[in-house]
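Those protein sequence lines, which keep their order, are chains A, B, C and D. Just so you know, the first sequence maps onto residues 1 to 372 in UniProt numbering. Just so you know, the second sequence maps onto residues 1 to 372 in UniProt numbering. Just so you know, the third sequence maps onto residues 1 to 372 in UniProt numbering. Just so you know, the fourth sequence maps onto residues 1 to 372 in UniProt numbering.
Keep in mind that the hints were calculated from the coordinates and are not lab data. Predicted, not measured: the structure shown is a model, and the values here were computed from it. Any given hint could turn out to be false.
The list treats identical chains as one, so a pair stands whether inside a single copy or across any two.
Claimed, not checked - Within a straight-line C-alpha distance of at most 20 Å, the following computed EDC-like cross-link-like pairs (lysine to aspartate or glutamate) qualify:
#1 K226 with D71
#2 K285 with D203
#3 K147 with E110
#4 K283 with D259
#5 K221 with D171
#6 K285 with D259
#7 K125 with E110
#8 K147 with E160
#9 K226 with D259
#10 K285 with E205
Number of protein chains: 4
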Amino acid sequence: MANSTISMTNVLEQPAARTTAPRTAIAGIGGYAGGELARLLLHHPRLRGNAPTLLGRAGEPESTSLHYLEDIHPQLAVAGDQHAHPILPFSWNRITDTGTEVLFLATPHEQSREWVPQAIERGIKVIDLSGAWRLQHHTNRAVYKLKDANADHAAQLQQEAVYGCPELHRDEIRNARLVANPGCYATSILLALAPLLQAELVDLEHGIICDAKSGVSGAGKAPTAKTHFMHAADNLSAYAVFGHRHTGELLEQLHITSDQIQFTPHLLPIPRGILSTIYLRLKTKTEAAAITTVLQNFYQHSPLVRLRNTPHLPEIQHIVRTNFCDLGFALAADGNRLILVSCLDNLLKGASGQAVQNLNLMCGWNEEEGLL
Amino acid sequence: MANSTISMTNVLEQPAARTTAPRTAIAGIGGYAGGELARLLLHHPRLRGNAPTLLGRAGEPESTSLHYLEDIHPQLAVAGDQHAHPILPFSWNRITDTGTEVLFLATPHEQSREWVPQAIERGIKVIDLSGAWRLQHHTNRAVYKLKDANADHAAQLQQEAVYGCPELHRDEIRNARLVANPGCYATSILLALAPLLQAELVDLEHGIICDAKSGVSGAGKAPTAKTHFMHAADNLSAYAVFGHRHTGELLEQLHITSDQIQFTPHLLPIPRGILSTIYLRLKTKTEAAAITTVLQNFYQHSPLVRLRNTPHLPEIQHIVRTNFCDLGFALAADGNRLILVSCLDNLLKGASGQAVQNLNLMCGWNEEEGLL
Amino acid sequence: MANSTISMTNVLEQPAARTTAPRTAIAGIGGYAGGELARLLLHHPRLRGNAPTLLGRAGEPESTSLHYLEDIHPQLAVAGDQHAHPILPFSWNRITDTGTEVLFLATPHEQSREWVPQAIERGIKVIDLSGAWRLQHHTNRAVYKLKDANADHAAQLQQEAVYGCPELHRDEIRNARLVANPGCYATSILLALAPLLQAELVDLEHGIICDAKSGVSGAGKAPTAKTHFMHAADNLSAYAVFGHRHTGELLEQLHITSDQIQFTPHLLPIPRGILSTIYLRLKTKTEAAAITTVLQNFYQHSPLVRLRNTPHLPEIQHIVRTNFCDLGFALAADGNRLILVSCLDNLLKGASGQAVQNLNLMCGWNEEEGLL
Amino acid sequence: MANSTISMTNVLEQPAARTTAPRTAIAGIGGYAGGELARLLLHHPRLRGNAPTLLGRAGEPESTSLHYLEDIHPQLAVAGDQHAHPILPFSWNRITDTGTEVLFLATPHEQSREWVPQAIERGIKVIDLSGAWRLQHHTNRAVYKLKDANADHAAQLQQEAVYGCPELHRDEIRNARLVANPGCYATSILLALAPLLQAELVDLEHGIICDAKSGVSGAGKAPTAKTHFMHAADNLSAYAVFGHRHTGELLEQLHITSDQIQFTPHLLPIPRGILSTIYLRLKTKTEAAAITTVLQNFYQHSPLVRLRNTPHLPEIQHIVRTNFCDLGFALAADGNRLILVSCLDNLLKGASGQAVQNLNLMCGWNEEEGLL
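Please construct the entire structure, taking both the sequences and the accompanying hints into account.
Here is the structure:
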């Protein structure tokens, strides 16, 4: 298992940067993450003249599945050409014919679980945005009810899969064949907690409370009673209490147990953005300056994590449509009770932006290229 | 046809008021209009201790269709009893057994077209919130693609149907067996234009432009791509341009032709409320005071229409969750170009509130009872 | 001190109900709470034909301070009369001349601290919506920086002041001369925690976390950078971390210490509504049914508190524009970690609705009259 | 007067492109347009390593006016340096010392009217985002109540000023010393109407109706009753009816008279974006394909104007946070009544994006550089 410990290599030891860009493809272009991924790759300075292959769903007959990116995501249209970016039906022949070296999967987790082994077999690296490959322990993975065609092969790949949080696993990502891109909630909470846990400041006996709030895009593009404007607007609701499936990522990445952390998501009446308010106790009375130092040191080489100065705390507005995660904190006068606030855009740093950050690392480029 | 001319009886000649309240029933309790109707009737001062019978969809087996109002519309729950208001499966036996005298239909128009003749046959009066019975001319009605089991009977009922806009047809409504409750957009536009057309001030040759904007509840409760929060929020879009089916109501009620009026709806990123901006030219140069007088006279006995004083214009915020229609206007310095602004809550004055206003008239009560 | 213990009289021992309604007055009609209070009193079934006197700010010359309610709160206008509800300049003569028996203060806390003794001296009862009289301990009250003209008199009144949370202090409110209406956040948290604390189920050593979120109306009507649409919309931010002034109310009403509770407010991008997510540990392993029983018993005679059945949790949408507080909970599988969710409309159950509930109690009426 | 006729040079005759980028400065960095301008220039590929000088307000003492961009616009912060972009107090010495060649003014119109002559005297080109220099006719300009220190000089500069709508005045902009950047509403309406008026298709006798709707950022950053979240949210209101000051731009740029066009703005409950619905009659019965051809020809060399294919119409969501103007139309079955829909982001194509487009033209670069 490639990322059994938090490695957090903060010195940017980049392998030799690729001078030619890899051919890329995106499968699952129809959803929100797929659209953002297309936007980022189409404007990536290293990929000029080397647009990603855009792929639709599997199994659709050719005749019906020819669409254009601008039909599904009209905000991405270019002037003077409404058919600039065709979407092709998914097929392995098409992917290999175009010489794809890196395949992004913005597909449901069942689909990702099926396709990843098939891609790896063909020598294609994968950055998977689903939850299918993030979890090493099958008890955690059980929430996804995944089925494997070849259980042994899948188990092997699972061990090899790198959890694609660059701030925690930069080195492993650089050399990975399979990157499991983290969950949006998980990213926001991990980036806040990892530095303090690494510094062994947190009283884990007392337990950590993560009260997280997300915009509606996190619930996906399928129209449901929950995503109906009339339900989501002017509302706030808690959901998946004690049972959200991003919890497993927190446990595995932070090396803690389920009774040491509570994570409660809420649905915010906004399109995008996550704010996590995290409550914990420190082992000993601590100065605010010491917390600042821990965070600054941890993120000194991380261009996509911004620390907000006390008394300012991150706000969703400051990170929406950016690839940053903003962190801040407040420490009680007793020097013991700490509140961390973490904000990111669930579709960018929480999904597609982080996926491109992983691509950059895999190519030996600066991790923030195309993301500022 | 009961309402072939705008009758606008502004003197409140009420028939003898009922001293005992009628038994009522609502079919189609699950939608937004059904929920608002339940709320209004449950709190109506004349209906204390006489709650409406709440009915679900037709054809559901008894065992599955037993619900409670508080399951579907939790905002209507009462303290201490989560099963205060059962919803019964629709059946004519149940309706007649409970002695229903007035049946509200908050059902799709196909369903209303089917059920109205069956109710009238049983001696039950109907207030129908769908578009099924609003239009006298079959060319206008064609947009609804209605089918009648008994065409002759339907034609007869259609002639008898009263367009349920109290400010235009108060007298007919008092004595109606079948009230076709107006469309939300239509109500907002009719209430603005009727006084000026009656006063023959409008240059119809020039044509009238109605640029209307509605909150998302107008699009119904079914989750669709259009009602998804991610589409509706932070957005504005025109739709059904040159083809919205409320147009027929405008033509019939205002006695104008389709080349004399243009109606363009837009979807606003808010839950409820309609604002219509209406552009027209006057036949002759006119003073603002004369317009004010026309409106004041027309609505002097209308407790649910409020005129805003120049230079103030109606705003959606002032009418949301009220049963009022607010009207205002601005006249160009040339005394010729007039802009009318009309606002109402599409679920109340544009639907359920107007339905209760019609019930009040049919019972000989003050039309605003239970609506202020 | 009238309310040193949680008395929670749940049997409705009403004193003889007043048969004639008291004359009322509202000072501070311009704000959101003042507007909601006017709406509730104007429609109160016991106050028909007995409208409250509406009063503006002190010290304004007569000529400039004459306004109409419909100018400031156009949603409250009546048809056909744009000057139905005059607002008079504040003066004690005017208040006593109209025979005011109960004065509502929807004024800044400095103003309330000044006016309350003057009202009591004149034999006028007061329901004060500000924070000026809620706190018995001067250390808690220090956040308001209040000054008293007559410190002894103020101290005496402070002792006599009843914290106006009917579910906790019904009896004292019935006989009070001075009711200090609770803070909006405090109400939402107190109603969730009081039953469990009274039942001695909570592990106070571990500490309670209250992560609360409020709509923008809670920030008041003054236009500021924080209440600007561009800051509040599509955003979420924590504020007043470790320092919100409603904290004192929690400590005094729950008889706990500041290290036993943490309260963090957030600003939601919605007009109104509060949702509080409250995290605590139980002293011993407990069944969900036992929690339900504690809540049901505590609120069996409380018509404005609704319990949501597991697994449903309260949502803001269900309480907006109602006078209810909705409560729900989720218990971890370990039977130890409990999450309470509490929702109310900050302007109604969190302010003006609760104020009218207090008026009802003071008059010997059913506490929910005019509030359903 | 440089732009008395619509010149619409659609062939991209670019002068020799600058190989070294000009030094730029932005005055008025605190507002929304200033912030967006900073963002665009900081990321402009031609300006790498050549950041704009950021300037605050005039007249502030040095000690108080030193701020950082990230204090005012935290979304623009970079990781690891909270003081990356200092804001200097405005002074001509500072501007000339840094070698500024192009000065952007995102200042109130009075300020722009004062500073433009002072900049031009110093040989500095200006792109002014205010309304101060857009209007050639003093009757139109009167709405701004401008005062000139040197009336003759101002009159001369006014004549020289180029209206900075690239799609209409590309050639003049390339050689301009003073570009008056268009108003946001005006841009959205002009881009829709100019092609049809140039093609002489519009029945001007009948008159044009422009029903426009804008997000709240158009109302500026000053906290007012109108921009308060509680007023703007869940609302829609018409304002400045018959009197919005962008009207003059429409008259001058389209060479029509005030009785030939009516423009009514509305305030939308969203942060940004404008949608204009434009109603007109064609001189003769026309095919939709002919309209499409006129628009396509007009914009064939305009990379920032996108035409939406019938039946799709532009929506605000598709242009928010882009530098595009999207255009679409619907033609009535009579071939005579035309509805144009135009959408843009008021802060980008309606302000700062268009300003950078003008900079690109002035430098001989592709007009879309840094804007896609």
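How the hints compare with the structure:
Taking identical chains as interchangeable, the C-alpha atoms of K226 and D71 lie at most 20 Å apart only when they sit on different chains, with a minimum of 15 Å there against 25 Å within one chain. For the identical chains of this complex, K285 and D203 are intra-copy neighbours only, at 11 Å inside a copy versus 22 Å across copies, given an alpha-carbon limit of 20 Å. Taking the shortest Cα distances, K147 and E110 sit within 20 Å of each other inside one copy (8 Å), while across copies they are farther apart (45 Å). Taking the shortest Cα distances, K283 and D259 sit within 20 Å of each other both inside one copy (17 Å) and across copies (16 Å).
Within a single copy, K221 and D171 get their C-alpha atoms no closer than 34 Å, and across copies no closer than 45 Å, so neither meets the 20 Å cut-off. For the homomeric pair K285 and D259, the shortest alpha-carbon distance between copies (14 Å) is at most 20 Å, but the shortest distance inside one copy (23 Å) is not. Taking the shortest Cα distances, K125 and E110 sit within 20 Å of each other inside one copy (18 Å), while across copies they are farther apart (54 Å). In this assembly of identical chains, the alpha carbons of K147 and E160 lie at most 20 Å apart only when taken from the same copy (18 Å versus 63 Å across copies).
Taking the shortest alpha-carbon separations for K226 and D259, neither the intra-copy value of 29 Å nor the inter-copy value of 38 Å comes in at or below 20 Å. Taking CA atoms no more than 20 Å apart as the test, K285 paired with E205 passes in both settings, with 16 Å inside one copy and 18 Å between copies.
Checked against the numbered hints given earlier, the structure breaks hints 5 and 9 and satisfies all the rest.
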